[in-house]
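**Q** Here is what each chain is made of, one letter per residue.
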Amino acid sequence: MKIAVPVDDKRLESGICPSFGRTPYFLIFNTDTNEACFLDNSAAASQGGAGIKAAQAIVDAEVNTLLTPRCGENAEEVLSKAEVLIYKTISGTAQQNIDAYRAEQLLPLNEFHKGFHGHEK
Amino acid sequence: MVMKNNGIKIAVLSGKGGTGKTLISVNLASVAEKAVYIDCDVDEPNGHLFFKPKNVNSEKIAIKMPLVSEDLCNGCRKCVDFCKFNALAFIKNRPYVFEDVCHSCGACLLVCPEKALTEKEKIIGEIKNGISGNVTVNTGILKPGEESGVPIIKRLLENSKAGEDLLTIIDCPPGSNCVVMESIKDADYCVLAAEPTIFGVHNLNMVYELVKLFNKPYGVVLNKCLSGENPAEKFCIEKNIPILGRIMFENELGELNSDAKIASRESGKYKALFSSLLQSVVKEVRHEAAVNP
Chain A
1 MKIAVPVDDK
11 RLESGICPSF
21 GRTPYFLIFN
31 TDTNEACFLD
41 NSAAASQGGA
51 GIKAAQAIVD
61 AEVNTLLTPR
71 CGENAEEVLS
81 KAEVLIYKTI
91 SGTAQQNIDA
101 YRAEQLLPLN
111 EFHKGFHGHE
121 K
Chain B
1 MVMKNNGIKI
11 AVLSGKGGTG
21 KTLISVNLAS
31 VAEKAVYIDC
41 DVDEPNGHLF
51 FKPKNVNSEK
61 IAIKMPLVSE
71 DLCNGCRKCV
81 DFCKFNALAF
91 IKNRPYVFED
101 VCHSCGACLL
111 VCPEKALTEK
121 EKIIGEIKNG
131 ISGNVTVNTG
141 ILKPGEESGV
151 PIIKRLLENS
161 KAGEDLLTII
171 DCPPGSNCVV
181 MESIKDADYC
191 VLAAEPTIFG
201 VHNLNMVYEL
211 VKLFNKPYGV
221 VLNKCLSGEN
231 PAEKFCIEKN
241 IPILGRIMFE
251 NELGELNSDA
261 KIASRESGKY
271 KALFSSLLQS
281 VVKEVRHEAA
291 VNP
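Going down the list, the sequences are from chains A and B.
Under the numbering used here, think of the first position of the first sequence as 1, with each following residue one higher.
Under the numbering used here, think of the first position of the second sequence as 1, with each following residue one higher.
No wet-lab data here; the hints were simulated from the structure.
Among these hints, one or two may not hold up.
Stated by the list, open to error - Pulled from the structure, derived: some chain B residues nowhere near chain A, Cβ distances all over 12 Å:
id	residue
1	Lys92
2	Leu256
3	Lys261
Claimed, not checked - Computed, partial: chain A to chain B, Cβ under 7 Å:
id	residue
4	Ser46
5	Gly48
6	Lys53
7	Arg70
8	Asn74
9	Val78
10	Ala82
11	Leu85
In this text the structure is predicted, and so the values were computed from the model without any measurement.
Where a beta carbon is used, it is the ideal one built from N, C-alpha and C, also for glycine.
Isolated chain B (complex conformation) (with noise of 0.2 Å):
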């Protein structure tokens, strides 16, 4: 039976850094017939290394801040009270904005009696689509120092609308934060790339808890499988965590991506493993929408 793909969203999270999520995330959305991957790690996007996409078109990503106007001020001191975030403060008769502690909620501006603040755009990165044969790249990328990437991923999720009916894969950053649940608040299913030491184990512990928290339907792909024993696999059997792949550590497929090659387009025995591993989380979010649609 050949099982549709398309219009599933696929989140690929781990606990930390260095457990193959770009690895999993791009040979997921290679071995498709046809993808969206988004690369929302963007603190440091690496997809676009292995996909080299071509035709790109970037998009620059602004947010509000707010600007007071001296003139205009009469000192009430109503927005640095108002503000939730502590980003204001009142010092000699004046407002001060810490745009580093700023959200954009705009609060401040509709507190203000006298319309003495108005909002500035403030660039914090970009965003960049091209095309590497099957697959549309879509990279989000932070400029260095700005406090959170969050504006520029829920512009990339927004955009990828427009290919609802394409498989999407989402590469997120690691860890358990902001960032990573706005990666994951619209995907359909969560992919936990795992790592075979007890390092590995907390971090998965840490993802394990944010998908649950959400009510993600989850599996997890342990990665880099020696012979022995495996802590990421223990714990998955303890936990009863669907275990969807496993990938051996192994030279061929180290070389492979330290040369920024992408091993499924590369060999065919790659090609054989991610397209199976395609197939079983396909398969998992079937059953999943079947059980409780």
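Chain A extracted, bound-state conformation (with noise of 0.2 Å):
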């Protein structure tokens, strides 16, 4: 199965990127193979629904987990309907976070906020 975690840099040591739908990167673990692979979050410069726009690349890439510190209404939308659960990170590097997943030491995450409208946070 394949796990997918927004960082800021393209390393599995890059800590998590706070935001979800602007993240410049995600990277993709497959746990299948123990690989890994970084996706270029082309929706960071979104004017807006960049959170739709991302959960969209997520669901492309077949991702089956998503662990993040935290996600929009829109975004959980498109990843509820394409069955992709949803994990919140802990403090930590990416690597970190995806061996706490396997350990089930994440707690699903159940809080989504709504859009900032162009207004960056």
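Given two chains presented individually in distinct reference frames, assemble the corresponding complex, making use of the accompanying hints.
**A** The following block contains the structure:
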């Protein structure tokens, strides 16, 4: 199965990007092969609807589980329709979060924020 | 010399709420011989509370939303990939529309090779018009929860073209975003309402930059003036912005206003104040028209 994580850098040791929709990259980790690849997030430059576009990229990459610190309502709608599970990250690197997820230490994310409508927070 | 104010469109705006846009707009319209007042503050229009218009007509405003026909859609995804606003997502072989992100541009209908997209109407608010003495009162009302009042403002300003030979006062929404830009687009002159505080200056600067960007002639009304230093006045002097008038911070005006009364209809003093303000604005507009025809 595939796990996606929004990351600041293209490294497994990268910190988690606080924004899902506007993260520069997604780490896609395949637990069957233990292979990691990085996806440029083209949604980062969107004027609006970044969360929807980023979620679309996750769905298109056939990801099963997303680990993210937070996520907007629209992105959540796309992900849940596509049956992608969402877990809340903890402090630490992307690798540490993947390990924590595999050790069943992460909790499902169940709070979703409204869009920022172009007002970056 | 009696100055004609026919056909002039004056927009009243400010960087934040509560600076006196509605006070100024309502009173400028009231002291004119005949005027059209347009409340473009569609999130919370309040000019009608003062005018209490009669013979009110209402018109619902709808926008178009794409509707996917699952029978016709072949899952080619062209609409999803084309949408500039990311308002469509493609999940399990079918497109989903996110109505709060959609800008009703209709592009998805054009790119669909199967004609699987049609448009449905979505009511986002209404406009009301009525009469209050010498003033035709037009109010835009956005339904709570709707994203953008721009389509309502467009219709308000379109409808007002019928009264083009009259003085038109446009009461703008607060701030300097899309709805404000839409409201001032056709204005001949912009009146900026300013408060005498540092915060007030920050907000004044926002609308000052906006009207410069739009190449609109503009001037400031200093509202809530107290004795002592007025940071907004200082700002105007520094930037060489014309000061059109001053409204003092006084109980009498505050009471009239909180009773939803129109100051210039209740008191000779305020009638004189706002008549002179209207004259100053009209003079500026005429001057502008002579210098930049």
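**Q** Each of the hints needs a verdict: does it hold here or not?
**A** These are the hints, each one checked on the structure:
Against chain A, the non-interface label of B:Lys92 is violated: not every CB pair exceeds 12 Å, the least being about 7 Å. A cut-off of 12 Å between C-beta atoms confirms that B:Leu256 is not in contact with chain A; the least separation is 36 Å. The Cβ of B:Lys261 lies farther than 12 Å from every Cβ of chain A, with a closest approach of about 37 Å, so its non-interface assignment holds. Evaluation of the A:Ser46 hint against chain B yields a held restraint, the C-beta minimum of about 6 Å falling below 7 Å.
The closest approach between the C-beta of A:Gly48 and any C-beta of chain B is roughly 6 Å, which is under the 7 Å cut-off, so the hint is satisfied. Checking A:Lys53 against chain B by beta carbon gives a least distance of about 4 Å; that is within 7 Å, so the hint holds. For A:Arg70, the suggested interface contact is broken, since its CB lies about 18 Å from the closest CB of chain B, more than 7 Å. A hinted interface residue such as A:Asn74 counts as satisfied when its beta carbon comes closer than 7 Å to some beta carbon of chain B; here the least separation is about 6 Å, so the hint holds.
Below 7 Å, beta-carbon pairs count as interface contacts, and A:Val78 has one with chain B at about 5 Å; its hint therefore holds. Hint status for A:Ala82 relative to chain B: holds, with the closest Cβ pair at about 5 Å, below 7 Å. Below 7 Å, beta-carbon pairs count as interface contacts, and A:Leu85 has none with chain B, the closest being about 15 Å; its hint is therefore violated.
Hints 1, 7 and 11 from the earlier list are contradicted by this structure; the remaining hints agree with it.
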